[in-house]
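**Student:** Protein chains in written order, with our numbering: chain A, 1356 to 1784; chain B, 21 to 332.
No lab work stands behind these hints, which were simulated from the structure alone. Because the structure is a prediction, the values reported are computed rather than measured. Ideal Cβ placement from N, Cα and C applies to all residues, glycine included. One or more of the hints may lead you astray.
[As the list claims (entries may be wrong)] Selected chain A positions facing chain B (Cβ under 10 angstroms, derived; list incomplete): (1) 1438; (2) 1467; (3) 1580; (4) 1606; (5) 1607; (6) 1674; (7) 1736; (8) 1738; (9) 1739; (10) 1749; (11) 1759; (12) 1761.
[To be verified] The list that follows gives simulated cross-link-like pairs (lysine-lysine, BS3-like), each with its CA atoms no further than 30 angstroms apart: (13) A:1775 x A:1441; (14) A:1528 x B:61; (15) A:1484 x B:80; (16) A:1441 x B:181; (17) A:1396 x B:69; (18) A:1763 x B:69; (19) A:1576 x B:181; (20) A:1422 x A:1484; (21) A:1449 x B:61; (22) B:292 x A:1676; (23) A:1528 x B:82; (24) B:86 x A:1443; (25) B:292 x A:1441; (26) B:181 x A:1492; (27) B:181 x A:1690; (28) B:82 x A:1488; (29) A:1690 x B:69; (30) A:1449 x B:181; (31) A:1760 x B:69; (32) B:69 x B:86; (33) A:1441 x B:61; (34) A:1774 x B:82; (35) A:1488 x A:1760; (36) A:1488 x B:181; (37) B:181 x A:1545; (38) A:1690 x B:65; (39) A:1676 x B:61; (40) B:73 x A:1484.
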Amino acid sequence: MKKLKKKLKINFSNLKKISIPLLSVLIFSCTGDSKLDNGKKTITFWHTHNNVETDTLKEMISEYEKKNPNIIVSLQAVPFSDAENKYKTVAQAKDAPDIFRAEISWTAEFASLGYLMALDMYMTEDYRKDFLKAPLKYNYYDNHYWGVPQVTDCLALLYNKKIFSSANLQVPKTSDELIDTGKKLTDESKNKYAFFYRGDPYWFLPFLWSFGGGMVSDDMKILINNQGSIDALNFMIDLRKKYKIMPETVDFANDYDNQQTGFKSGKYAMIVNGPWSTADVLSGDEFKDPNNLGITRIPAGKSGFASPVGGHNYVIASNTKYLQESWDLINYLSKPENQAKFALKNNLLPTRISSYEIPSVKNNHLITDFKFVLEAATNRPVLPEGGALFVDMKQPYQSALIQEKTPKDSLDEIAVAWKKLLIDRIGKD
Amino acid sequence: MKTKWFTPYLFILPSITAMVILVYVPLFMGVGYSFTNISQKNSNKIEYKIPYKETNGEIKFKIEEKPSTFAFVGLDNYKTTLTTPTFWQVLGQTFVWTFFNVIFHFSIGLGLALLINKPLFGRDAYRMMLMIPWAVPTYISAFSWRWMFNADYGLFNEILKLVHLPAISWLSDPTWAMFAVVVTNIWLGFPFMMVTLLGGLQNIPIELYEAATVDGASKLQQFRNVTLPLLTPVSLTSTLLGAIWTFNMFNIIYLVTQDNPHTDILATFSFKAFFVRGEYAQASSYSVIILLILSVFSIFYLRVLKKTENLY
């Protein structure tokens, strides 16, 4: 026992000696990096671009830094799926990056939580005139403008032209034609299917709207369980179960990748996707000749063609110290020629009307085909709860797709959840 | 150098401080929040900053404030929780998930431990190979399994196709989805059980087996009367740990089936309430319920454990 005590003593005194430097290292490292900025201003910038898009962005930013030697832009990529939560966490601690590339449905939400800087001062009527209406609308909430549309998108029908020409068929324009053509193009024994759609509720919107259904109207009426919505959901289920123009199995966890793989290998003749996916599609064997990729409007139901406008906005954090500098950078990146450059390199859609007038954009068939779809696409509800609507929608919608619940029951369930979610806006009735 | 009475305390001070800050403060805050209606919308004072330009070009800010409005609501969250059918569904799934995982972790772990406890050729190599599922980062294993369960391109459906059986929607079908995550987690978890039980097996004195052999006990009798009773303390501790880990397991479910309601367990359910929906109060009440269930379980279990203590 005595021996042990002695041993312990020695250990303790040794520990004491090393603990002081250790502790000081710990304290020192906790104090954070106080960068010496030499009069230079560092603008922090978070984005959710993929690698190819990041390269384009970096190129433009280094050009900007050359022109503005007193500015350093610190660029950080954040995975899209984590970005919303990450931003909320840092914004709540008033530590958000000066500039963020926010998905459209996040913008109103961040604004409602006080995370963003209102940009009315810069976004005058004259400035706004050159932006497409639908993408701009996502930035307007509670009588202020909170962001600048960076890119826009919509869902379109992507089809494999070769499959259609060898079967001597036309691309379907209506939902009835989709069924007819679909049956002709499907051959289960050869593992060929006419069509594929994802189980994510966002992919339901074109059909939901084109059958006369809806989400939430501008005057806060819930439309998700009206007759049109029920018809639309029945149609989605019938494509799989009754007409069998797509595979019987579902895999909600993997269906984005499965859809891409299947389309690229010629398993599916038609899929629904947005402009962000074209770079990936064109890397597939079936699309070695890029002209084989057809892009057009999704077959229309009885209320005509519909598609949701999506995209991303540049927003500035309310905690920024460099408002003017951040705005200047956003303004630079949003120049028509820079938007065009970005669009051409990455097959994305510019948000400025004048960008589409640039000859190189006019000659890009991917962009012009998508522009044709975009012209008829519409906004989804612009609410702080815009993203949450889809969270509530997902599980009931998917359980209807696997026929665990009836379409009516599942849509009623969504309506109940939305009433609870939007209670402050609808009021208790 | 003389040691003062407080020196040992001084050394545990940093870890105690860290524990208090990282465990106890959030714990009590969480319990407190569960009696309020706090959510992402009302938790903080919200400031809207609206910049404008003075005539001289200087930028000024107009600030509109919205105070935080959360309030004490008593047991409302618990009432809502206990009357929501989804909660009971998730609770049931949590028990199914925990039960099957622990049962298979234990039985597979024990079987393998018995096998590799025997002197056999290349034993070390087997041991090492059996540890691999545990050594590989979880997300890599999870993604491999997710690929194997893929409905269109996965290994299992390819095999089913070869034998002319209909393909299965492994990750989206209500029943098969739970099966898929349980299988994945069994794969990941049995090595731990195996190693722990192997340690327990090696602690059993060889003399006991020799005595049993002299008494004419068969292998099966030896296993039932020597191995099992002497392994009980180790088994109980490791299954207790296993049950608690599995009960709170989050990453496997999140990575394999993402947000499928049929594979939600309480841990993923409260994560979604907190981070996806921003319902802080509701999520806190789930966490308190998880804490209560695990405490009751642990107390009961530790009692059983105590009874086995004087076995040796």
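**Student:** What hint numbers does the structure not satisfy?
**Tutor:** When the structure is compared with the hints, numbers 1, 3, 7, 8, 12, 14, 16, 18, 19, 22, 23, 26, 27, 30, 31, 34, 35, 36 and 38 turn out to be violated.
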